[in-house]
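4 protein chains.
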Amino acid sequence: MGEQLHSVYREVRAHSLSLCDGLSTEDYCIQPAPEASPPKWHLAHTSWFFETFILLPFLPSYRRPLEAYGYLFNSYYEGIGKQWPRADRGKLSRPTVAEILEYREQVDAAMLELLESPDARGDEIVQLTVLGLHHEQQHQELLVTDIKRNLGVNPLSPALESCAIEQDAEAPTDAIEFLEFDGGLVTIGADESSVSRPTFQEFSFDNESPRHQVYLQPYEIANRLCSNGEYLAFMNDGGYERPELWLAEAWDRVVQEQWNAPLYWTWAEGEWLEYRLLGQRPLCKESPVAHLSYFEADAFARWQGARLPTEAEWESSLRSAKSQEIRDAFGRLWQWTCSAYGCYPGFQPWAGAVGEYNGKFMSGQMVLRGSSCATPKGHARLSYRNFFYPWDRWQYSGVRLARNIEE
Amino acid sequence: MGEQLHSVYREVRAHSLSLCDGLSTEDYCIQPAPEASPPKWHLAHTSWFFETFILLPFLPSYRRPLEAYGYLFNSYYEGIGKQWPRADRGKLSRPTVAEILEYREQVDAAMLELLESPDARGDEIVQLTVLGLHHEQQHQELLVTDIKRNLGVNPLSPALESCAIEQDAEAPTDAIEFLEFDGGLVTIGADESSVSRPTFQEFSFDNESPRHQVYLQPYEIANRLCSNGEYLAFMNDGGYERPELWLAEAWDRVVQEQWNAPLYWTWAEGEWLEYRLLGQRPLCKESPVAHLSYFEADAFARWQGARLPTEAEWESSLRSAKSQEIRDAFGRLWQWTCSAYGCYPGFQPWAGAVGEYNGKFMSGQMVLRGSSCATPKGHARLSYRNFFYPWDRWQYSGVRLARNIEE
Amino acid sequence: MGEQLHSVYREVRAHSLSLCDGLSTEDYCIQPAPEASPPKWHLAHTSWFFETFILLPFLPSYRRPLEAYGYLFNSYYEGIGKQWPRADRGKLSRPTVAEILEYREQVDAAMLELLESPDARGDEIVQLTVLGLHHEQQHQELLVTDIKRNLGVNPLSPALESCAIEQDAEAPTDAIEFLEFDGGLVTIGADESSVSRPTFQEFSFDNESPRHQVYLQPYEIANRLCSNGEYLAFMNDGGYERPELWLAEAWDRVVQEQWNAPLYWTWAEGEWLEYRLLGQRPLCKESPVAHLSYFEADAFARWQGARLPTEAEWESSLRSAKSQEIRDAFGRLWQWTCSAYGCYPGFQPWAGAVGEYNGKFMSGQMVLRGSSCATPKGHARLSYRNFFYPWDRWQYSGVRLARNIEE
Amino acid sequence: MGEQLHSVYREVRAHSLSLCDGLSTEDYCIQPAPEASPPKWHLAHTSWFFETFILLPFLPSYRRPLEAYGYLFNSYYEGIGKQWPRADRGKLSRPTVAEILEYREQVDAAMLELLESPDARGDEIVQLTVLGLHHEQQHQELLVTDIKRNLGVNPLSPALESCAIEQDAEAPTDAIEFLEFDGGLVTIGADESSVSRPTFQEFSFDNESPRHQVYLQPYEIANRLCSNGEYLAFMNDGGYERPELWLAEAWDRVVQEQWNAPLYWTWAEGEWLEYRLLGQRPLCKESPVAHLSYFEADAFARWQGARLPTEAEWESSLRSAKSQEIRDAFGRLWQWTCSAYGCYPGFQPWAGAVGEYNGKFMSGQMVLRGSSCATPKGHARLSYRNFFYPWDRWQYSGVRLARNIEE
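Which chain is which? The protein sequence lines are A, B, C and D, in order.
Residue 358 in our numbering sits at position 358 of the first sequence, with consecutive numbering throughout.
Residue 46 in our numbering sits at position 46 of the second sequence, with consecutive numbering throughout.
Residue 259 in our numbering sits at position 259 of the third sequence, with consecutive numbering throughout.
Residue 135 in our numbering sits at position 135 of the fourth sequence, with consecutive numbering throughout.
If you're looking for bench data, these hints aren't it; they were derived computationally from the structure.
Keep in mind that a hint or two might mislead.
Which copy? The list can't say, so a pair holds if one copy fits it or any two copies do.
Claimed, not checked - Lysine to any residue pairs mimicking SDA-like chemistry, simulated, CA-CA at most 25 Å apart:
1. Lys82 x Val153
2. Lys322 x Tyr215
3. Lys82 x Ala261
Predicted model only: the values in this text are computed from it and were never measured.
Generate the whole structure from the sequences, applying the supplied hints.
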C-alpha cells in the first residue's frame, strides 16, 4: 500500500501544477477578493500542510527552507501558530512562484523519501498523507475558482484556454421531473471504517461521520439542476426587486451589493453574457445556472414554489434505487442544501492540530452536496459535505429543487 | 371569547407600560447598540402593529395620527413599506414619550371598540389580535433587555429599582446531574390546531409547526443551568485565551471585541462585579451564568467535555416523564441550543404581510429554548423557538449542557 | 471688575438655558450624528469646564457631584484624563436633564461664591472664568446647530417655535458688487493685550494671536453673501454632476454621500423646501445660502469664476475704510475662507491643560470668519477664527466670494 | 530643440525601466496598501499619459492597443473618463508585465515618431511632452517608494540589491545649528516664463506659480536634517505615549494604528532594525530619520521646542546667501513643512484635462520641500512643492527644524 500511496501522491501533487498550466506569473499572485487566495499561495500552503503535519514531526532530517514559511502558509491552524492575515495573501510578492515551486519540490522529495522508507510507513504517516492529499484536492478546486474570480473581475476578460472544464448543455432543457420519496428513517454519513483513513479511496472527512439515522418526511427532489433559462425567468419576473422572495439577510445583501444577476453575468448590448474560463460568452440558456449564492438559490426556489433539499434528503435520495434518475449529482455544480453546516450526532473532530480542519467552521455556513466540474476526479462521494457562507458566489454552486409532499 | 380577548388585550397592553414604571423620560430614548431599540420605540411599534394589521384594514373610521408613523414604526415589514433604519431609532427625539403614550391610547381605544363590535369579531381579527398580543409580549422581554443594555453601558451603573426580576440562587450549587434519554423517534413542535391561533392561550408561532418526528441518538441532558462559579472556572483556566475551545468565527469575535468575560461583568478591585437591574453587585457564584453569546456557551461546553443540546433533545426531554427533574427550563434564562434556526419540515409562513414575522430570519441565527426571568407570564411553552445571532449577548441567555451517550 | 464678571457670568450661563426653552426632555438626549452632541451634554460639559479648570483647583471646599462626571463630560482634554467617546454621547440616558440642571446650579453657586470671594479674585481665576464664558458661548452656537441637526433629520420636521433666529432676506437680491483692495502689507490678528484675557469684552482666543503682518496681492471681495437663488443656478447648471468643479476629496464625498443639494434642502412636489428651526419652508431665493460645506462653497465659487477669500483678505478688508460696504460680515452666516486652519507666526498655546483648546486642532480644517445668526451677542470680532472640516455642513456656513485682480 | 527633447524622452523613459531592474515579475504586481500602486501600473500609467494627452489628439494614425487601457490606466482624470478604482490596482494580473512593456514600446515608438516629425513640433506637443516627462519622473520616485512598501511589509524582508540609493551618514552627527533669517518681504515661487514649459530644464508645475511676495517674521532654520539618534531620544522620552505632544488627529492615528516607531523600524532582540532596500539593518543613529509622517515630524519638533518651517521660510532660506550652510536640502529626504497645500495667490491651473494635475488636490495635504534619494536627477528645484497627507509615512520624508526668533 505504501507504494500505491507513493504513486497517488505523485499524481495528486502533479495535478495541482497542471491546473496552473496556462497561467502567467502575474496570475499566480493576485487576490481579487479576501476569500479568493492567490494560486501561488495554494501551491505553497498545500506543501506546508505536508511539511507541518508529517515532515517536521516524522522526518528528523527535514528542515523548512525558511522559518517564515511556517507563518506565511499557515491558513488557520491556531494550534500550529500565528498566521499571515488571510485578506493579505495578495500582498506578498515573495517568495516568488519559482521559489514556491522549489519549495514544492523539496517537500515532494522529502515526502517520497518518507513514504518509501520501510520503517516510516506507520499508520499515522499514512493517514496524514491521505488527509494531505484530499486537502490538496480541495485546494485544486479552489485553485480553479480563485483563478476564475481573478480573471473574471478583470475588464479584459482574459481566457484561460488550457482549462476546458466548463461545458455547455448538450441538449435542450426538458421539464424538471420531481422524484418522490417516502421519507421515514434513513441512514446517512460515512462508514465508521473510513474515519481511520486507511486508504486514499476510502477516505472521508471527520465531519461526514458518524453514519447515523435521520427521520425524513415524504419529499420529492428534482431530477436535474435548474438552468440559466429558468433563472432568467426569475429575473424577468422581478426576482431581484421583490423582497418577499428573500431571506432578510439576503435582501440586505441584494440592496447593499446591488446584486441584479449571478456573479459572472454582464448585460451588454441587449444580451446577457457570462464570463467563463474561456472568456465572455453569450449566456447558454440550457446550461445549469452557476455561481449562485445560497441566498439566490433560496429566493429562486421560493419563487418556483419549491425549496432546497436538506442534506439528508439529498444524500438518501442518491443512495436509493432511484438514484440513476437524478442527473448531475456530481461533476457539474455543487448543490446548495437548506441545511446549516453543523456536527452530526456523535461527531468527533480528529485528534491533534488537524482537528481544526472542519469542526471549528460549524457556524454560519450552509452545506453543499455533490461536486462540480472543478472537483478533481476521485474526490467526490455521497457523504461529502462542502460548506460556504450563504452569500458566497464564486464557487461552482447551483440549484436542485425539492418539495414537500402534502399528505 | 371576544370579551375574554378584550380583557387579555387590556392586561397585556397595560403590562408593557408597567415595565417602564421606573424609567426617566431620557431612558425611553436611548439606543445603546443597533440591536437594542429605545423603549419608546417598542411602545410605538407594538401599537403600530395593531394599527397596521387590524385597525387600518378592518376599522374604516380609523385614522393614523401622522402618516410618518407608518414609516417610523415599521420594524421590518417590506410588504407594508419602507422602514426608518433600525440602527437610527435612537436618533428620533420626536414623537416624544407623551405623544407615543397618546398614540397607544388612540390605538387601544380603537382596538377595544373593534373587539367589542359584534360584527367585527371575525376569525381574522381575532387571530391577528392574538398574534399582536404575543408580539407585544415579545417586545416586553426586549423592553427589559434593551433597558438593561442602556443602563448597563452607562458608567453610572444606574439601578432600576422597580424591576426586581433578577433573583439570586437560593441554595448552593449542587453537582450537575445528567439525565439519560434513549433517543429514537420523538415528536416535537406545536399542534396543528394552534396554527390557526384561535385563543391567546393556545397560540403558537408559525415557526413552531408542523408537529413532526425527529430521530435522536441516545443523549443526556443536565438537570440544571451552569452557574457563574462554573463559568469562572472556565475563565480561570484560560477560557478566553485558548482558540482550540472556540469556533473560528467565535475566536475572531473574542480577538476583535476583546471579550474576556460575560457582557455585564466588570473586574474591580480584586473581584468580579455583575451589573444587574438593581445596580453593580458582587458576582453570585451560585446563580446561573447569564448574558452569554452562543459562541461563549459553545466554548464553555467544549471545555466541559460536553456540548449544547439540539432543540429536539431539549424539547423532547421536557416532554418526557423525567421533565420534573429538569430545573429552570422556564423563567430563568433562555438556553442556547446547537440548532441553527431553520424551518421545520413542511413549514408554511402565515399568509399576508405577517408572513414576514418569522420565516425570513431563517439564516445565520441559533435557536434558544425555554424562557427567562424577562419573559412575560403566559408567553412560554415547550415548542417555543427563540432565535438570536451567535454573537448576541444582551439577552437573558445561559447554558444547559448535554452529552452524547457512547454506545 | 469682579462684580462685572459676576454678572456677565450669570447672564451667559442663563442664556444657555434660555436657548433650550422650547425643547422636550427627549430633544436634550439625541445625538443625530457623531459631531452633533446632545444638548444636555453641552449643558453638562460647559459646567464641567468651570469645575475642572477653576473650582477644583481654586475652591478647596468644592466637591464634584459624581466622580464619573469628570470622565463623562471631558470633551478632549488629554491632560485632564480619559474621555467618554464623543460618538457615544447620545448613549447616556443618565444623568438625566434634571440632574444636569442641578449640576449646573451647583457649579454656578460655587463659581459665584468664588467670584465674590475677595481673596480669590486673582488674575488666573478671572482669566479662566473669562475663557470659560467664551467657551460657553461657543457651545451656545453648537446648541443651536446640534438641535437643528437633530430636528432636521427627523421625518416629522418639528418646529422649534421659541428659536426665531433664522430670518428671511428683507429685499430682493441686488447684483453682487466686488470691492477692490490693493493688497500690500496688512496687519491681522488680535492685540497682544487681549491675550492675557483681562476682561470679557477684550478677550480673544490664543489662536488669534500674535497680531502680525501679511502681504497680500491685490484682490476684490463681494459686498454680500451669495443667495439661495444663485446656488440654485449652480445646481441647475449641473453643479453636483460636474467633477471639474470640485476638489478631488470633495468629489469623492459628493459621490459617496450622494450630495445633490445643501444639507437641509428637500425636493418635494416640484419645489425645493428648506428645513429651518420653524419647520419646512419653501426655499427663499433671496436669503443667503446656508449650511454649505467648504467643498460646496469652493465648487460654487469656481463655477462663479471666483474663489473664496483668504482669512487675511477677509479680515483686512473689514478693517479698512470700505468695511461699511461689506454686508453681513457678522450675524448671518459664517463665511468659509480658503485658508487652512494653522498657527499664526509666533503662536503660543495657553499654558496648562487649556493649551489643548485650539492648538491641537491645527490640521485638516478650514477657517471660517465672521459670525452667524446662532452666535451669541458679544462673541464675534474681526480676528475671530472659527474652524471646521471641509465636509462639515451642519454649521451656519455660507459663501462670500473673492477674486484676484489681474494686473 | 526637438532633437534634444527626443533624447531626453529616451533617457527618462529608459530610467523608469532601469529602476525595475532587480524586480521579479511578482514584484511588479503587488499593491501592499491602497496608496502604493503596483510597479507595472506605474509603467503603464506613464505611457497612458503620453498616449492620452499627446498621441491620441496629435498623431492621427495612433491606435490604443486595447480600449480598456484607457480606463485601467487613467489615474484620476475625470475629464478623460472613468477610472479603475485606485485601491484595486493590485487586483489586475492582466495585462501582464510583458504586455505592459510592449505597450511602453508602442507608445515610445509613436512618441519618437511624433517628436521627429517636422510639422508636429508645435508648442503644445513640446509642452505636453515636457510635462509627461516630469510626470514620469514623479512616478519614478513612486516606483521606488512603492516597491519599498511592498518589500518592507513582507516578513521575508527581501533585499533589492540593484537599488543602492539609501546611504548611511558619512560622519558622526554634529550639533544642529540654527541659521538666523530676518524675514520681511521675500519672493518665492517659479518664474512666469517657466509656466509655459518650453524646455525640460526650465519646467515647473502650475502649482509653483505665480512667483509672489510673502512677508515673514524673523526665524531660524536648522542646518541639517534630524537624525535617527535624535528621534530615538524622542521615543525614549515617551514620545509615542504623550498626547500633549501631538495634534488631535495625530494622536487618534497613534492610538488606532498603534504607532510606536517610524514605519520601517522593528524592535528585535534588544535593538532597533530598519528595513531598507538592501534588507533589514541595525539602525544607523547618525543617518537622518526617514519615513516619518507629518504627524510624527510635528510631534517630534514640538518635543524639541521647535517647529517645522513654513514652505516660504524653507524656500527663501535656500534662495539666500546662507544657503550653502543648509545641508541636505536636496537628494536625501523630503522635508515636511507646516504649510497646508493650497494655491498661491493668482494660481491658474493649466488649461484642459491636465488642469486636474495639481489643483484639485489642494485640500487636506501638507507641503514637503526639497527632494530625496529617490528623486530622479534633474527633477528637483527650489520652488518644487510636493504634497502628501499628514499621516503618510511611506515616502522618503524627514524633518528639518525651524524656530521663531523672539524679538
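Q. Quick check: which numbered hints come out false for this structure?
A. none
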